[in-house]
Amino acid sequence: MGAGHNGLVAACYLARAGLKVMVLERNSYIGGAAVSRKLYEDFTYSNCSYVCSLLRPEIIRALELPKFGLQIIPYEGGCTFMQGGGHLALYDNHDALRREISRHSKRDAESYDRYSRDVMRQCKFIKPLLMRTPPDPTSFKPRDIQELLYLGKHFHALGEQRMYDTLRFWTMSAADFLDEYFESEIVKAHFAGSSIIGTALGPRSPGTAYVLLHHYMGDIDDTVGAWGFARGGMGSISNALGASFQASGGTIRSTAPVAKILVKSGRTTGVQLEDGEEICAPLVISNLDVRRTFLETMSADDLPDEFITQVKNFKIRGSSGKLNIALDALPSFPAIPVGAPCIRGDMHVTDTLEMMERAYDDWKDGRWSRSPYIDMLIPSQIDPTMVPDGKHYMSVFVQYCPYELAEGAWTADKRQAFGNTVINTIAEHSPNFKDLILHAEIRTPWDIENEVGLTEGNIFQGELTMDQLLFNRPIPGFAQYRAPVKGMYMCGSSTHPGGGVMGAPGANAAREVLRDLGKT
Amino acid sequence: MSYDCIVVGAGHNGLVCATLLGRAGKKVLVVEAAEQVGGSAITREFHPGFRVSAGAHLFYAMPNSLLRDLKLEHYGLQWAARAMRTTVLQLDKGPLSLAVGVADEETPGLGGSEGLALASYQAKLQRFAKALVPMLAAIPPRLGTEDWSNRLKFLKLAWQVRKLGRHDMREFLRIIGMNVYDLLQENFSSSAVKGALAFDAVLGTNFGPRSPGSVLTLLHRMAGLQATGQNAIAQPQGGMGAVSEALAKAAQGAGVSIKTGLAVQKILVDQDRTSGVQLQSGEKIGAKSVISNADPKTTFLTLLGTEYLDTEFVRRVQHIRTQGLAAKIHLALNSAPCFTQISAESLAGRLIISPSMEYLEKAFNHSKYGEYSTAPAIEITVPTINDPALASRGHVLSGVVQYAPYALKGGWENQRQRFMETVIDTLEAYAPGLRKSIVGAELLTPVDIEREFRMTGGHWHHGELAFDQFMMVRPVPGAGQYRTPMPGLFLCGAGSHPGGGVAGLAGRNAALQVVAEDS
Amino acid sequence: MLSQTSVPHFQQPLLKTPFHERARALSQVDSFVAWSGYTTVDVFTTVEQEYFAIRNAATLYDLTPMVKYRIAGIDAIAYLNHLVTRDVTKLKPNRVMYCVWCNDAGHLIDDGTLFRLGSNEYRLCTADRQIDWLLASAIGFEVQITEVTDEIAALALQGPTSYAVLKALGLTDIGKLKPFELDSFLLTGVPVTISRTAFTGDLGYELWVSPDAALGVWDNLMAAGRSRGIRAVGSKALNIARLEAGFISPHVDFISAEHTVRVGTERSPLELGLGWLVDFDKGHFTGRRALLAEKVRGPKRQLVGLEIVGNKPAHNALLYSDVKGRALIGNVTSATWSPTLKRNIALAMIDAPYFSTGISLWAEIYLNRELQWQRRMSRAEVVLRPFYAPQRRRATPPADF
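Protein chains in written order, with my numbering: chain A, 6 to 525; chain B, 25 to 543; chain C, 86 to 486.
Chain A with its partners taken away, still in its complex shape (with noise of 0.2 Å):
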């Protein structure tokens, strides 16, 4: 159910275990949240994900993606503006780098390496729970006492110093992790960034030291470029996967929306699609988010009371919104020299903690922020397929921007207003950038819900805070992919190791399923 970037990972595995599979999807398109759309002219959004960079390689290699047309183009740094003037650039060469950071402090331009060091050392210990099942620390059964023991010996291995440090990370708040490198305001505002996007929370809560790892886990495995841009947009990914599974004798059927899933005694017989049609299959493998998958497609007299409430319970926010934009012509940026490479990559316009952390006080009120967070990027500089001849596409993500607005439903007026508040924003660094605009398509959490199927239009499938990760991801005694219902699977960013276009819960999920039937 659902051709997401995870329900179509999965549904390799199971296709190439030599299973039977059917993917279901209600758009017309497949790739979920992983998406390239026409929607104005000869442009092509990313209009959900934007960039590559969580892709597990287990999995690219296992589904042989670049066989079915996957191209990941690598790019360089990125920079974030000042008020009122100046900038802090990042750089993949280290002496550039290095030389960029002293600009604004000598000292953290050196303290970056240390920085560097710890959180790769923290992606280093992750990155091997990443494609692994979480155990149910309550159980006494085998398995989940050795994974485990797996889990105790592998956190004893960092030794006693490394084991407080881990522990101190995974619970600090970015800000104050970053405090204990740096000194510049402007350099902790840009690295703070990646801890709070698609986060229902501001850079001084405690947890989001760890999302912002969960941002660097790309540039763990030693390849070059982590960071890129698929070639013709993120759906590129969602292709590829469609076509790998096509080749594996999966079928795929678009605009078929699921309204129910069949359970008889205790157990999935298939689904009912909205129109009435039954498919049957004795296993049904649901890449919707927890919520929508239980409470939506479900019927509650076919799930425990308390399961429903936990799923309840379950914290899906939506506080990220973006807006894609096709423009005439590159816009200019003055901050920047002529010829600097960060304008290629991610671009930033917060420049202290404070503003951030006010942006977010702004969501809790529910409303957008008035200064808010922007993670914005012009894919179309070194990808011209996705625009014509001399034009470009801007991807912008917004944090924050609340599902609900304290003052009421959203409308049309105010979906402007809060374009033209991140627009406003972005004209502030960039004079032209207004004239230029052809066409934005401004999206709020509201409406990636009602497009995607996302709840509240969280890009996590739920919040990435330390009572919903790993055994407690996505509802403890639930973190091992099956439903309480025989047969039922969960296989979306809801689950273990939780969202970005990463893969690995698809991955996890397929495996689960492999094992149930005696296939691994």
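No lab work stands behind these hints: they were computed from the structure.
Heads up, some of the hints might be wrong.
[To be verified] With a Cα cut of at most 25 Å, we get these calculated DSS-like pairs of lysine-lysine:
no.	chain 1	residue 1	chain 2	residue 2
1	A	K320	B	K386
2	B	K187	A	K146
3	C	K177	C	K321
4	C	K252	C	K263
5	C	K175	C	K380
6	B	K308	C	K385
7	B	K148	A	K320
8	B	K283	B	K312
9	A	K158	B	K433
10	A	K369	B	K433
11	C	K177	C	K101
12	A	K265	A	K491
13	C	K101	A	K111
Starting from the known structure of chain A, fit chains B and C onto it as the hints suggest.
Okay, now just chains B and C, sitting in the frame of chain A:
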């Protein structure tokens, strides 16, 4: 003159530690910089004829076992009130009274379903708090050692959680990392109830209700309360200073010498071992062990000095978050405050101004940016109701006010008066006429608390209570078991596990550790 | 100040040293490498020619990229003594000391040379940038630490005829300069600080001048040394010489504990055979307690010198206690054929108890025979370092070749 042990600082933890060391046969000296013992658990005059517990003002965390063990009641500790109620003041309707730890379906002002929810919520959290009690009482184990006794300690702690049963254990592991806002949203609909219950989670912390980790601080407080055996807040006769006086007598009863008015300038080191202390007068006193009740930053960076410590350790000490955010207000009143619709029993208890979680969160927002809360949350007691002797005439109001950040933009000197007015205005709204009855007032900001009680940052836990400064990483890795990298130097203050709140556990555990080291 | 072109750092991340113009002109094979943010020469002509000049004539090596810190203030001595493992109080003015510093766990962060320029003024020269660590170590000390790398041009004049070259330039007093001593001189009117220090294990000097005067000093030395066989050398030739001298090199023989990501890849000075630099009696320094415990425990592994049968350098070789290669006991960190000694030498990290002098073991060497790769197990023996230590390096006054 030479001692086995010198305890630096006669705060409650220092006194507990000294007493237990004395009883273990050690020759112990306690040196205190102030003229009276007690640290921040003291009773002093703040306006002619009016006395107040100047720092901590309620007694809610010392385990009953420790209290009995120290024979504090034998040494003169008496109670002005036990089992005090907590009452939440509300502007528009009558106050809401919540007895801590008691399921209160019958609580007036609560709908039946909310009452039931409260009952099951309280019962659940009490079970979890109970699992935490031994965890807070124990010396935290070290991580990553090959030592089996350490591993055993771990298994014991894990067993406390496993003992909850599968269902509760799962819930415990889920909520322990959560924020109290979500937890309460899951359970309640009344914003007054949520506001009231959230207050205890953020009291004395740099958290708002939405900060992850605030369930931990809530359970920490609840576990402390449970350990008292009464599961309730108490008020000592004569204020918190009476607790310290009883502790001092208990210490003296154990043969401990206590000297006040002597500030330690340096902890002395000889051959990479603590050898005693040097007073500000220049006098040196020798000792095999020095146990510091001072906060970790003061202990390591000022008293010991970084020349005896390794660089990474020093860096970690420097990064301990110690900035306090709670202020203390003391009002001398010529008559009892008239909180709207309040019962006599409630007035004798603890009163809270925290009308909703949103109110608390908004109050917290200010502190993130170095501003004080324009609509603060306040914990109020009127100690003279239970203990009229504290004032020669009239009444005393003592309040903990949040949030008042240590690092206030623009500094406290110019803004103290304005903040005091804000606090009094807030109180006035709930107790009309209060302002007119004020005959004297004092506001202690974290900066004042730092100065008066010699605690860095004016944080009453000597360091933020949060996961990354909890258990074996409190105050910093490498000093998490009351031992320090400097042989013979120990920590016994609130900066160590399990934190502050006049629990005495850090003092007790430090004493155990000193004795263990010697044997 | 360096004369940098206006090319921005994101286009040209590496800086040029004040000698760059000369180096560029002399470079025949265009082999430059990055070193601490500067571009420097790896090879000028051929490694062999350059190497033999180090051992048999005189050479110039641009060491400007060596990171330099000025450390001053009333607590400078206390600070440095707390930082490094050696006793800094023993370092007299105008003397130089080789030293290392460690983290809390006693793992090596870097090595460097410490120059005492005045009673409370020092210069620390390091391989990597250290300001993060130096400032963290300064908490509680009254000391000012400033990086002065680009304020000082540094040039190594090394080789048996180096003394003669300086004397030819009129520095008659240079003969009095003892090893690890420094002094100020006027070199054809230009003030120059000269220290008798070397990374070659041979007679040699290091010259410290203002960047403006750098090219003049280079030209004068080259002119005066023409008849003494002077030539510019790059890092590759120097690396052979330092290995013969038995010196360790960061990033090669150890990775700084400030950079290690994996567990267990840090190294202590005891493991690196630098126990002689650790003074446990001088009072506290960072890492002391950990190193003391390690000393009591005995090191788990040690860096030793190896002499290997055959003439193929044992680059990256794994080491075994048995010829069949079943029991892995360590690996080579640096290896070379020593052209002077005509011996196949290496530095290797070896697990206990196989690191005692005289023990023989087996090195797994891969040989490239015109793209036909072969594996050879060569017998190797643990030998004392340095491999090469000519008398002339210490003679004062030095021989006038």
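Each hint tested on the structure:
1. A:K320 / B:K386: holds (22 Å)
2. B:K187 / A:K146: Distance ~17 Å between K187 of chain B and K146 of chain A Cα, so the pair holds.
3. C:K177 / C:K321: Violated. K177 of chain C to K321 of chain C sits at ~34 Å, over the 25 Å cutoff.
4. C:K252 / C:K263: The given pair, whose Cα atoms are some 15 Å apart, holds under the 25 Å limit.
5. C:K175 / C:K380: Since the Cα atoms of K175 of chain C and K380 of chain C sit roughly 23 Å apart, the hinted pair holds (cutoff 25 Å).
6. B:K308 / C:K385: violated (43 Å)
7. B:K148 / A:K320: holds (21 Å)
8. B:K283 / B:K312: Roughly 18 Å between the alpha carbons, so the hint for K283 of chain B and K312 of chain B holds.
9. A:K158 / B:K433: It is violated: about 47 Å lies between the C-alpha atoms, which goes past 25 Å.
10. A:K369 / B:K433: Holds, at roughly 23 Å.
11. C:K177 / C:K101: violated (34 Å)
12. A:K265 / A:K491: Distance ~16 Å between K265 of chain A and K491 of chain A Cα, so the pair holds.
13. C:K101 / A:K111: holds (19 Å)
The structure fails hints 3, 6, 9, 11 (numbered hints given earlier, in ascending order).
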